[in-house]
Structure formats: structure tokens, C-alpha cells
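Engineer: Each chain, written out:
2 protein chains.
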Amino acid sequence: MLFGPGPSNPHPDVVDVLGAPMVGHLDPYFMSVMDGTMSDLRRLFGTTNHHTIPMSGTGSAGLEGIMLNLLEPGDDAVVAVIGYFGQRLAEMAKRAGATVRTVEAPLGQIIDPARIEQELKKKQAKLVAVVHAETSTGACQPLEDIARIARDHDALFAVDCVTSLAGIPVDVDAVGIDAAGSCSQKCMGAPPGLGPVTFGPRAIAAIEKRRTLCPTWYLDISLVFQYWGKEGAPRDRAFHHTAPVASLYAFRRALELIHEEGLPNRYARHRDAHEHFVAGLGALGLSLFTPAEHRLPMLNVVNIPEGVDDVRVRFALLERGIEIAAGFGPLKGKAWRVGLMGVNADPARIDVLLDALEEILVAQRR
Amino acid sequence: MLFGPGPSNPHPDVVDVLGAPMVGHLDPYFMSVMDGTMSDLRRLFGTTNHHTIPMSGTGSAGLEGIMLNLLEPGDDAVVAVIGYFGQRLAEMAKRAGATVRTVEAPLGQIIDPARIEQELKKKQAKLVAVVHAETSTGACQPLEDIARIARDHDALFAVDCVTSLAGIPVDVDAVGIDAAGSCSQKCMGAPPGLGPVTFGPRAIAAIEKRRTLCPTWYLDISLVFQYWGKEGAPRDRAFHHTAPVASLYAFRRALELIHEEGLPNRYARHRDAHEHFVAGLGALGLSLFTPAEHRLPMLNVVNIPEGVDDVRVRFALLERGIEIAAGFGPLKGKAWRVGLMGVNADPARIDVLLDALEEILVAQRR
Numbered sequence: 001m002l003f004g005p006g007p008s009n010p011h012p013d014v015v016d017v018l019g020a021p022m023v024g025h026l027d028p029y030f031m032s033v034m035d036g037t038m039s040d041l042r043r044l045f046g047t048t049n050h051h052t053i054p055m056s057g058t059g060s061a062g063l064e065g066i067m068l069n070l071l072e073p074g075d076d077a078v079v080a081v082i083g084y085f086g087q088r089l090a091e092m093a094k095r096a097g098a099t100v101r102t103v104e105a106p107l108g109q110i111i112d113p114a115r116i117e118q119e120l121k122k123k124q125a126k127l128v129a130v131v132h133a134e135t136s137t138g139a140c141q142p143l144e145d146i147a148r149i150a151r152d153h154d155a156l157f158a159v160d161c162v163t164s165l166a167g168i169p170v171d172v173d174a175v176g177i178d179a180a181g182s183c184s185q186k187c188m189g190a191p192p193g194l195g196p197v198t199f200g201p202r203a204i205a206a207i208e209k210r211r212t213l214c215p216t217w218y219l220d221i222s223l224v225f226q227y228w229g230k231e232g233a234p235r236d237r238a239f240h241h242t243a244p245v246a247s248l249y250a251f252r253r254a255l256e257l258i259h260e261e262g263l264p265n266r267y268a269r270h271r272d273a274h275e276h277f278v279a280g281l282g283a284l285g286l287s288l289f290t291p292a293e294h295r296l297p298m299l300n301v302v303n304i305p306e307g308v309d310d311v312r313v314r315f316a317l318l319e320r321g322i323e324i325a326a327g328f329g330p331l332k333g334k335a336w337r338v339g340l341m342g343v344n345a346d347p348a349r350i351d352v353l354l355d356a357l358e359e360i361l362v363a364q365r366r
Numbered sequence: 001m002l003f004g005p006g007p008s009n010p011h012p013d014v015v016d017v018l019g020a021p022m023v024g025h026l027d028p029y030f031m032s033v034m035d036g037t038m039s040d041l042r043r044l045f046g047t048t049n050h051h052t053i054p055m056s057g058t059g060s061a062g063l064e065g066i067m068l069n070l071l072e073p074g075d076d077a078v079v080a081v082i083g084y085f086g087q088r089l090a091e092m093a094k095r096a097g098a099t100v101r102t103v104e105a106p107l108g109q110i111i112d113p114a115r116i117e118q119e120l121k122k123k124q125a126k127l128v129a130v131v132h133a134e135t136s137t138g139a140c141q142p143l144e145d146i147a148r149i150a151r152d153h154d155a156l157f158a159v160d161c162v163t164s165l166a167g168i169p170v171d172v173d174a175v176g177i178d179a180a181g182s183c184s185q186k187c188m189g190a191p192p193g194l195g196p197v198t199f200g201p202r203a204i205a206a207i208e209k210r211r212t213l214c215p216t217w218y219l220d221i222s223l224v225f226q227y228w229g230k231e232g233a234p235r236d237r238a239f240h241h242t243a244p245v246a247s248l249y250a251f252r253r254a255l256e257l258i259h260e261e262g263l264p265n266r267y268a269r270h271r272d273a274h275e276h277f278v279a280g281l282g283a284l285g286l287s288l289f290t291p292a293e294h295r296l297p298m299l300n301v302v303n304i305p306e307g308v309d310d311v312r313v314r315f316a317l318l319e320r321g322i323e324i325a326a327g328f329g330p331l332k333g334k335a336w337r338v339g340l341m342g343v344n345a346d347p348a349r350i351d352v353l354l355d356a357l358e359e360i361l362v363a364q365r366r
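Here the protein sequences come in this chain order: A and B. Final position of the first sequence in my numbering is 366; the numbers increase by one with none missing. Final position of the second sequence in my numbering is 366; the numbers increase by one with none missing.
These are computed hints drawn from the structure, not numbers from a lab. Even for Gly, the Cβ is constructed at its ideal location relative to N, Cα and C. Incorrect hints may appear among the rest.
As the list claims (entries may be wrong) - Per label pair, the in silico range of CB-to-CB distance:
hint	chain 1	residue 1	chain 2	residue 2	range
1	A	K121	B	D152	54 to 60 Å
2	A	P73	B	A205	25 to 31 Å
3	B	R271	A	A205	49 to 55 Å
4	B	A233	A	A283	39 to 45 Å
5	A	N265	B	A348	45 to 51 Å
To be verified - Quick list of in silico lysine-lysine cross-link-like pairs, DSSO-like style, CA-CA up to 30 Å:
hint	chain 1	residue 1	chain 2	residue 2
6	A	K334	B	K230
7	A	K230	B	K334
8	B	K94	A	K126
9	B	K123	B	K209
What the hints assert, rightly or not - Just so you have them, the derived chain A footprint on chain B, three or more residues with Cβ under 8 Å:
hint	region
10	11-22
11	85-92
Please model the complete structure; the sequences and the hints are all you need to start from.
Structural biologist: If you want it as C-alpha cells, here you go:
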């Protein structure tokens, strides 16, 4: 049982289709798989953006694709950093050639949107980027105000929703997000390996106005859509790179299961699972690191009590087939990270974890 | 039955492990999967290079990783172009910032190594890149002489062996290849999605001497090996991106099957399958486009006879569950591409294709 920050356990129905008969990546049947994938992914992102696909790499590849397509040398970017994954966005933006300014908050905290506005008033930027669900601290950064501020200052707004998508609403069009990137695992319920992204019209217009060639051929959005189908001519498809067929089967099935459950039900299930877990932790005398007002439901950062050996507990859990993760960076040894994602956002499965944790803690304290 | 240029049919035993229980990407068991993968991949590439892993993207991502790590703005590269995939290497090198000179040959032909030497004498280059097995024309570019010439002129030698690896010998160390990239499918026998690469000591030294930051964070070799284990400290592993666990299970199993069969046996099987197919084609009055002296065994470009409808034949085959591919670029409508890769390098399976082709051609001519 994978209760870490990811990979999460894929849904059993998703695992079943991994081995479905392979077809060619230009086979008419596979074209219909691609169409269904794009349409279901748009519904999940809450967008009508044509440019909405799973990129052929992990969530990190999708995010890098966003940065390398939207930014080029000479551009300015403002990146909100509330933990490691924000730092990583800043690093990717820097490698894309941009001058990057970061707005930082202490671990567990979030960024006051007014600070982003201040930064944009100081100097215009082409892009504002934030992490929606910071996997290293368990904090949720609200998007609405920053989206509005970015738009008011004529900046694009890009969001890392790797941990949030399919667990809490992302709502790309309603919020006003120009580009977003997630993953195929975590709350999505497929194995890791794909990086779902969406690019809105303002992002595409910015890409068309680039002064330099995008340094990546593999993740260049205009090339990738030669294969996925251009806007206005979605049936006109040509080879770019060989699609990861088996991974796409799995991802397609995961999207179907998400919509069969229904988005409101899925979000409620993740919320309820979190509340069940927090109540159970309370009964064990354990507390969460992240302040309640901006806690994520799917990623829980649990304080390790005084006198408890981090590594011994995690290995004792692993011996029972249960994975939780160490704290990240400065929180290593001080906290555990517990993911309640996809099929694991389930009280019965969470009770298995809580029971095991209780037994191990009691044994250690003896 | 996938007789196109890829994806090929994965081995059934490989498909079986796709759905094996998922573990965390930092789980001790998974670390042993990674170690076994690296060690088996080194044997297949014929190298002792520490930096030998499957990158988390398709074969194209691995090749782009090679170009973006080895080249930076201001560098010179010479690329041998004998078809589309050579053009693509040149395009990737250009996007990496290099000034690219191409040495080209007509479709079906290969490059005389003396022409590469001429180009290097004209002006030094940091990198010489070639495609070993050109999937668009079915031609095999011998590597030994170009490797020697590159080394004599103090240039790195990079090879696209996407179609050749596990079908014909690549022999990285014996030939003197500094970087090579392949895929997980085709002759490898796993689903598409991973890009096995190897970087030798001269390549790593060149990367360490870069003047600029590598524009890709995702494919930056020095970062990727934080996770796969640094040279000299292979057990010291830290998070980079979440590994595509299921794809790596499959790739690991494919490598095991390759070594269980034995490399000489596997190469002989691909060669024999090719000869069986060519004999069968001859009996049907069909011929190959690529001159015999540099034909690839695993990728056969078949001339479409006068009066035969390309698309109708391919769709009639597809209706029987058999895929072959259209000719690429200028060869579209004039040739078919038939891959005999992995499990399909088998006379019994090839006979199914030949029998179907015969029936369809007879029916069309009636």
C-alpha cells in the first residue's frame, strides 16, 4: 500500500489494461484512444483548451515542457516558492533562459497574493508560476487571486498541479490558468510516466511569438501537436515520436474511472479520507505539521513525536507492505509524508495504515 | 501483429510484469531493480560506462538528452544524414545551440566516412552524430571508421541506435562510441516509453566542462544520476523525478529475456528472420528498396509493385490484425516499411504476414 507522496497505487482496472494488445501508434483505433484521452482530460482540467494532452514523460517533463515553451532567454518570470517543488519550477524557468524572481514563504505557509502583485509592479514579467499543492510541505496555494493579478499585469499564469489534479478542483478556465501540468499517478490513479498538460490561447499566442527556437524538440508543443492533431484540423496527424502506447491505455482508463466516479464525488472522497486520517492520528496523539487553514487533503505531513525513530517506523511499516515517506529537506527526521491518493483515499485502507502505525509506535515506546 | 517500424509487439513475459505490484520509487526492492537494469543494459550496449540507464521518456527523449547535455551554444556539430532520423538529430543539435553541418546521402545510401573526415578537416567539431539504423530507409551505417575519425579529430561520437540495439551489435566500447541512445520497444521487446542511453568518460568530461547550464532539468545527466546513483557512490540515491515504475519493470524483464536468449543468438535470429522474409518476398515477386550491401535485418523497405494500391493493401492487412507501415517521406506510396523486431523476428510469424500479403495482392490484381 503506497501511502507515500507517489507513486500511489494505480486502480486495479487501470493495471488490467496495461497489458491490453498493443497497436501501432498511428492505428485508427489508437487515434480514437487519443481523442477520448484529450476530451476526458479537458473535462478534468476544467478547460476547453485544444492543447490538452499527456506528454510522454513524467509530471516533471510536462512542467519542463511548460517552462521551455513559454520562456526564452531575455524573459522575466516570477515564481512562488513554498517548498521544494516551487524551487524546482524556478530552476526550470532559469534553465529556460529567464531571469527569475522568487517570492518565498516559510515551510508550511503559503504566499500572500499581494506579494506577487508587488513583484509585478516592481517589474513586469512574462510568466507567474506557482505550485498548487506543495508535496514537500502539504500546503495548498489558492490560485484565484494570483491568476487575476497575473492577468491584470499581462503575465501568463502557469500552475504545477501534479499533486492536486483529480484530488481537489483545478478549474483551469474558471480560475484563468494559462498553462498547467500534472502527472499520471498520485490522485490520477495510473502508473507514473505521463505528464498531462494544458495550454490556453494566451499561452499558445506567446509561443507563436517566440524570438528563439524552443531548445527542446521532444517537448516542443507545436511539434507534439503534429501528432495529437492541430487546432482546427484535429484529424491531420503525423509522426513526431512513438507514443508510449501501454502507458496511454492506462491513463485513458484512469480518466474514464475518474469521470465514472464524478469529479465532485472524487473530491469529496479525498476530503473525507483526509478527515478520517486526521481523526485517527488525533486518537494516536499525533498531529499535522501544516496549519489547518491551508492543508491539502491528499498529502499529509505528520509531526514525528519526540523519541520516535523515523527510519525504524518507516521500515517496520514497509515490512508490512505499507509505504509512507520521509519528510522532505529540512523536515527529514521531523515529519512523515502520508499520501491519501486515488484508491488509497479510502477509510478502510487508511485504517490498515493507522492500525499498523499504532502497533509500531506502541512497540517502539515499550 | 505489429510489423511496422515500431511499436513492435512486446514479449508476452514482459507484458506480464507490467501489472506487477507497484512499489515506491525509493523502495529498497526498486533500487535492486534499478541496479539489475543498469548492469544488464551495460552488457547489451557492450560497455562498462557507469552512466547507462533508461531515461524516463521515449527513445527520442534519450537522444534529445544526449544532444542537450553534450552541446551548448557556440559548439559545432557534424551530423550524418541518410534519412529522416538523421535530419532529426541535426534538428536536435541545432536546438541545443550548436552550429550544425550535415553530410547527406541519397535515400537508401550511406555516408562514406571520408566525407566526415573532410568536414572535420575543414573545421573542428565538438560532436559527430550518426544514425546507426535509419528507420526511414532501412539502411545500416557502419560505425567503426567514423568513430575512429571522430576520435582522431578530438570530436565526441554520438549514435542513434534506436532501431539497431538488441537486433544487431552496437558494441559501444569496442567501436569507441561516446554516447548512444535507443528505445525500449523495437528489437528490445518492451512497450515504448523509455530511452536507454549510455554516456562514456569523454562525454561526461565534456559535460563537466560546459560553460552554460543545460537547458533541460528533466534530462540533465548530472541530475538524473542523483537518483540512479553517482559514479563511485552508486548507493547514494536522492529524489530527482518519480521513476516510471511499471515501465521500468517491463524494461528490466525485457533485458533479462535478451540475455537469457544470448546476444549472438538474438542477432542471428534477427538476421535469419530477415533472410526468411526476403526469400518469401522474392517468391511473391516483390523486391527491397535498400541495396543489399547495407540492408538492416530488422527494418525492410519493400518496393510497392506497379498498379498496387498502397493504402488498400495496408488496410486489408490491418483488418487481419497485421500492421505494416507506409514509406516515409519521399517513399510514401512507393514503399512499405516492414519491421521484423523482437518476437516478430520469427519465421512462423513472418509466414502469417507473407501469406496475408499474397492473398491481398492476388485479390487486388484480379
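Engineer: Could you grab the alpha-carbon distance between A:K230 and B:K334 and see if it respects the 30 Å cut-off?
Structural biologist: holds (27 Å)
Engineer: Regarding B:R271 and A:A205, is the given constraint of 49 to 55 Å on their beta-carbon distance met?
Structural biologist: holds (53 Å)
Engineer: How does the region 11-22 of chain B fare against chain A when you require at least three residues with a CB closer than 8 Å, holds or violated?
Structural biologist: holds (count 5)
Engineer: Looking only at beta-carbon atoms, does the pair A:N265, B:A348 fall within the given range of 45 to 51 Å?
Structural biologist: holds (50 Å)
Engineer: How does the Cβ-Cβ distance of A:P73 and B:A205 compare with 25 to 31 Å: does it lie in that range?
Structural biologist: holds (27 Å)
Engineer: Just tell me: holds or violated, for the beta carbon distance of B:A233 and A:A283 against 39 to 45 Å?
Structural biologist: Since the Cβ atoms of B:A233 and A:A283 sit about 42 Å apart, the hinted range of 39 to 45 Å holds.
Engineer: Within 54 to 60 Å or not, the Cβ separation of A:K121 and B:D152?
Structural biologist: holds (59 Å)
Engineer: Given the hinted pair A:K334 and B:K230, is their Cα-Cα distance within 30 Å?
Structural biologist: Holds, at about 27 Å.
Engineer: Taking 8 Å as the C-beta cutoff, is the stated coverage of the region 85-92 of chain B by chain A satisfied by three or more residues?
Structural biologist: holds (count 3)
Engineer: Taking only the CA atoms, is the gap from B:K123 to B:K209 under or equal to 30 Å?
Structural biologist: holds (21 Å)
Engineer: Given the hint that B:K94 pairs with A:K126, test it: the Cα-Cα distance must not exceed 30 Å.
Structural biologist: Between B:K94 and A:K126 the Cα gap is close to 25 Å, so the pair holds against 30 Å.
Comparing the model with each numbered hint stated earlier shows that all of them hold.
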